Amino acid sequence: MTCAACGAGVGEQDRYCEACGHKLSEPVPPTQPVPPKWLSSADAPAACSGCGGTDFGAEGYCDSCGQRRPAGPDHSELELDAMAGVSDRGHRHHHNEDAMALGRLPGAAIAVVCDGVSSSTRPDAASHAAVEAAAPALLAALSGGTEPEQAIGAAVRAAQAAATLAAGGEPGNNPPSCTFVCAVVTADGVTVGWVGDSRAYWISTMDGECLTVDESVAGRLLTRWLGADATDTEPRLRAFTPSGPGQVLLCSDGLSRYADSPAALVALATGAATTATTAAALVRYALDEGGEDNVTAVLIPFPFEEPK
Amino acid sequence: MTFQTEVYQNQYLPAGGTVVDAVVTVTASGPGDGGASAAPKSAAQVIMVDCSGSMASPATKMSEAKRATAAAIDALRDGVAFAVIAGRADADMVYPPRAELVPATPQARADAKVAVNRLTPSGGTAIGRWLNLANVLFAGHGAAFKHAILLTDGRNQHETPQQLAEVLRSCEGRFICDSRGVGADWSGTELRTIASALLGTADGLPDPSALVDDFRGMTEAAMGKSVAEVALRLWTPAAATVRFVKQAFPHVDDLTGRRTEVSARIGEYPLGAWGDESRDYHIQVEVPAGAVGEEVLAGRVSLVSGDEVLSQSLILAVWTDDTALSTKINPRVAHYTGQAELAEVIQEGLAARDAGDVETATSKLGRAVQLAEQTGHADTAKLLARVVDVVDASTGTVRLKQKVSGVDAELANVRSVKTIRVKEG
Numbered sequence: 004m005t006c007a008a009c010g011a012g013v014g015e016q017d018r019y020c021e022a023c024g025h026k027l028s029e030p031v032p033p034t035q036p037v038p039p040k041w042l043s044s045a046d047a048p049a050a051c052s053g054c055g056g057t058d059f060g061a062e063g064y065c066d067s068c069g070q071r072r073p074a075g076p077d078h079s080e081l082e083l084d085a086m087a088g089v090s091d092r093g094h095r096h097h098h099n100e101d102a103m104a105l106g107r108l109p110g111a112a113i114a115v116v117c118d119g120v121s122s123s124t125r126p127d128a129a130s131h132a133a134v135e136a137a138a139p140a141l142l143a144a145l146s147g148g149t150e151p152e153q154a155i156g157a158a159v160r161a162a163q164a165a166a167t168l169a170a171g172g173e174p175g176n177n178p179p180s181c182t183f184v185c186a187v188v189t190a191d192g193v194t195v196g197w198v199g200d201s202r203a204y205w206i207s208t209m210d211g212e213c214l215t216v217d218e219s220v221a222g223r224l225l226t227r228w229l230g231a232d233a234t235d236t237e238p239r240l241r242a243f244t245p246s247g248p249g250q251v252l253l254c255s256d257g258l259s260r261y262a263d264s265p266a267a268l269v270a271l272a273t274g275a276a277t278t279a280t281t282a283a284a285l286v287r288y289a290l291d292e293g294g295e296d297n298v299t300a301v302l303i304p305f306p307f308e309e310p311k
Numbered sequence: 048m049t050f051q052t053e054v055y056q057n058q059y060l061p062a063g064g065t066v067v068d069a070v071v072t073v074t075a076s077g078p079g080d081g082g083a084s085a086a087p088k089s090a091a092q093v094i095m096v097d098c099s100g101s102m103a104s105p106a107t108k109m110s111e112a113k114r115a116t117a118a119a120i121d122a123l124r125d126g127v128a129f130a131v132i133a134g135r136a137d138a139d140m141v142y143p144p145r146a147e148l149v150p151a152t153p154q155a156r157a158d159a160k161v162a163v164n165r166l167t168p169s170g171g172t173a174i175g176r177w178l179n180l181a182n183v184l185f186a187g188h189g190a191a192f193k194h195a196i197l198l199t200d201g202r203n204q205h206e207t208p209q210q211l212a213e214v215l216r217s218c219e220g221r222f223i224c225d226s227r228g229v230g231a232d233w234s235g236t237e238l239r240t241i242a243s244a245l246l247g248t249a250d251g252l253p254d255p256s257a258l259v260d261d262f263r264g265m266t267e268a269a270m271g272k273s274v275a276e277v278a279l280r281l282w283t284p285a286a287a288t289v290r291f292v293k294q295a296f297p298h299v300d301d302l303t304g305r306r307t308e309v310s311a312r313i314g315e316y317p318l319g320a321w322g323d324e325s326r327d328y329h330i331q332v333e334v335p336a337g338a339v340g341e342e343v344l345a346g347r348v349s350l351v352s353g354d355e356v357l358s359q360s361l362i363l364a365v366w367t368d369d370t371a372l373s374t375k376i377n378p379r380v381a382h383y384t385g386q387a388e389l390a391e392v393i394q395e396g397l398a399a400r401d402a403g404d405v406e407t408a409t410s411k412l413g414r415a416v417q418l419a420e421q422t423g424h425a426d427t428a429k430l431l432a433r434v435v436d437v438v439d440a441s442t443g444t445v446r447l448k449q450k451v452s453g454v455d456a457e458l459a460n461v462r463s464v465k466t467i468r469v470k471e472g
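One line per chain: the protein sequences are A and B, in this order.
Residues in the first sequence are numbered from 4 upward in steps of one, following my numbering.
Residues in the second sequence are numbered from 48 upward in steps of one, following my numbering.
Just so you know, these hints were derived from the structure itself, not from any lab.
Be aware that a few hints might be false.
[What the hints assert, rightly or not] Part of the chain B face toward chain A, derived, beta carbon under 7 Å:
#1 A338
#2 V343
#3 L344
On a predicted model such as this, the values are computed, not experimentally measured, just so you know.
Note that the Cβ used here is the ideal one computed from N, Cα and C, for glycine as well.
With the hints as constraints, model all of the structure from the sequences given.
In structure tokens:
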């Protein structure tokens with residue numbers, strides 16, 4: 004006979020399994036699923052970018068030169084299982100106002116990218132708060148069995164609430180605001196949701212496609228965003244079933260302004276060994292082309308495979 | 048007692064901009080939740096009454112000064128230490144007879160009033176001597192809040208301005224002094240100088256019959272002070288310069304030079320004692336220019352009593368290339384900038400007029416009339432109209448009046464620092 008818990012052979016008289024220690028007279032406990040896990044680029048830097056000082060007051064300003072401590076670092080690289088993301092301040096902006104998060108749960112991988120609206124107050128506060136709220140909300144909804152479309156809706160509501168709170172007690176005329184794009188990748192398909200002009204692309208060795216439609220006019224002015232002054236924040240959604248393996252790319256317009264067409268992105272992504280090197284190559288390309296804006300690229304392989 | 052600070056500013060600066068303006072409104076109100084903490088602090092008050100010879104003409108000056116002093120004595124809380132000084136070319140104790148303060152009791156008040164009633168006008172005026180004696184009386188006393196009232200009917204004739212300035216320096220921070228001129232012959236500049244150095248108020252009362260209410264009011268306000276020594280603590284970033292810190296309401300008072308350094312980036316400015324009241328401060332800080340999109344804390348304003356922080360607010364600077372944002376001037380900042388200029392042009396205009404410089408006087412006082420009209424300062428406009436003939440207020444066109452009663456010019460001078468508050472912004 005065998006142990007019901009681990010399958011090892013056990014003797015007739017044994018009370019415990021020699022291999023795993025299971026008490027053979029008791030029922031097998033249900034297997035614990037791998038707990039959802041996520042990480043984000045939100046991490047206030049330890050040193051002031053203005054003077055290198057390391058003391059900050061309670062309000063988040065450098066004790067020496069007074070510069071505001073940003074919500075995220077100038078450059079960050081994230082890796083989770085086979086997913087990877089790279090975000091960079093670029094050459095022109097003072098802070099990195101882009102934020103990203105990666106996550107997974109049994110059966111799905113998720114990623115979120117938010118781009119702080121540069122003309123708003125403290126945009127990095129909105130974008131980092133939004134990804135930090137959206138990622139766990141998305142994972143929680145999916146864990147509870149919610150379909151990806153509805154789960155993305157819950158994630159955007161959480162992100163909108165967090166971006167609104169980033170404005171503090173007196174939002175003013177121009178409160179912190181950001182765009183939003185996220186993807187849920189399973190073994191069978193891809194679902195993306197977005198508010199604003201951050202994009203999701205499908206890229207593979209065979210083909211490429213932009214999965215989102217910019218919510219902006221004249222390529223510059225956002226028509227929808229998240230933040231205390233946003234009125235319409237329901238995400239637009241797109242479900243997509245790839246015909247073969249490939250990757251989902253989430254990016255801010257700091258990348259897409261230099262590589263707009265799926266074909267260009269496919270070409271840039273081809274040849275890189277891993278998602279991490281692909282993301283790094285895409286960001287490097289945008290920086291070399293001028294780096295006028297913050298630039299962020301996140302890659303999720305399709306189909307989703309459970310981590311070993 | 049609780050303190051609240053509110054900041055009014057336009058935080059947006061254009062690219063390359065370095066000057067940050069903010070108006071900080073400080074409001075103290077009590078008793079808050081506990082009540083016990085708002086119990087008035089132990090207090091002491093010295094009243095300096097001018098008894099120079101000129102107080103005899105008209106005689107109502109001396110008689111009303113006596114009545115007013117009696118009213119102030121009656122307004123003292125039981126137990127408040129007090130004394131009355133007669134001011135001439137020297138200073139003499141009126142009550143108590145010895146150079147000391149005594150607690151207010153029914154008997155002490157009655158004795159003091161008897162002594163005050165015996166005062167007779169004679170001799171000259173040396174205000175520094177009076178203040179010096181008040182300083183000596185306060186020095187030996189442990190009261191938390193020390194308040195003085197100074198009444199004069201004339202100019203400080205029997206000592207030099209340098210002598211007075213020296214005494215004021217020795218009194219600074221030791222007690223608060225409200226100064227008043229009665230009749231027609233006092234100097235607005237002298238009263239303002241005393242009030243400014245000793246964190247009090249200054250005013251002139253041409254009609255002696257107004258003294259009683261005024262003395263009672265000043266004493267009652269002093270009895271209502273429940274936090275004795277408040278200071279404005281200002282943190283500014285490295286490489287920043289504090290251009291000025293001015294009280295902007297209820298009257299203009301430049302505090303910039305009263306700064307004491309607490310640490311490399313922190314300085315304190317004394318604000319005196321507080322009761323239920325609200326004051327505005329205009330702060331201007333120069334910071335190194337930041338890049339567009341950068342945000343810095345240009346100042347952290349705290350109200351402190353000793354080391355206890357009563358309230359705190361932030362002054363920010365954000366650089367933007369959006370000129371619609373950076374060109375806006377905060378209405379309160381604009382208003383107090385105008386009020387400070389108004390005070391300045393009145394004082395400069397009157398000084399030029401005294402010096403016989405008609406051209407400067409006409410131009411400065413014309414600008415004053417224009418500013419008073421623009422900022423809705425009706426009281427000041429009325430006072431100015433006694434000194435100049437207004438041809439067109441909107442353009443500031445005026446002619447100096449040929450005959451001006453001296454007291455009108457002094458009133459315009461002493462009240463030049465009084466400001467009004469705007470509601471919005």
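Results of checking the hints against the structure:
{"no.": "1", "hint": "A338", "result": "holds, 5 Å"}
{"no.": "2", "hint": "V343", "result": "holds, 4 Å"}
{"no.": "3", "hint": "L344", "result": "holds, 4 Å"}
In this structure, none of the earlier numbered hints is contradicted; all agree with it.
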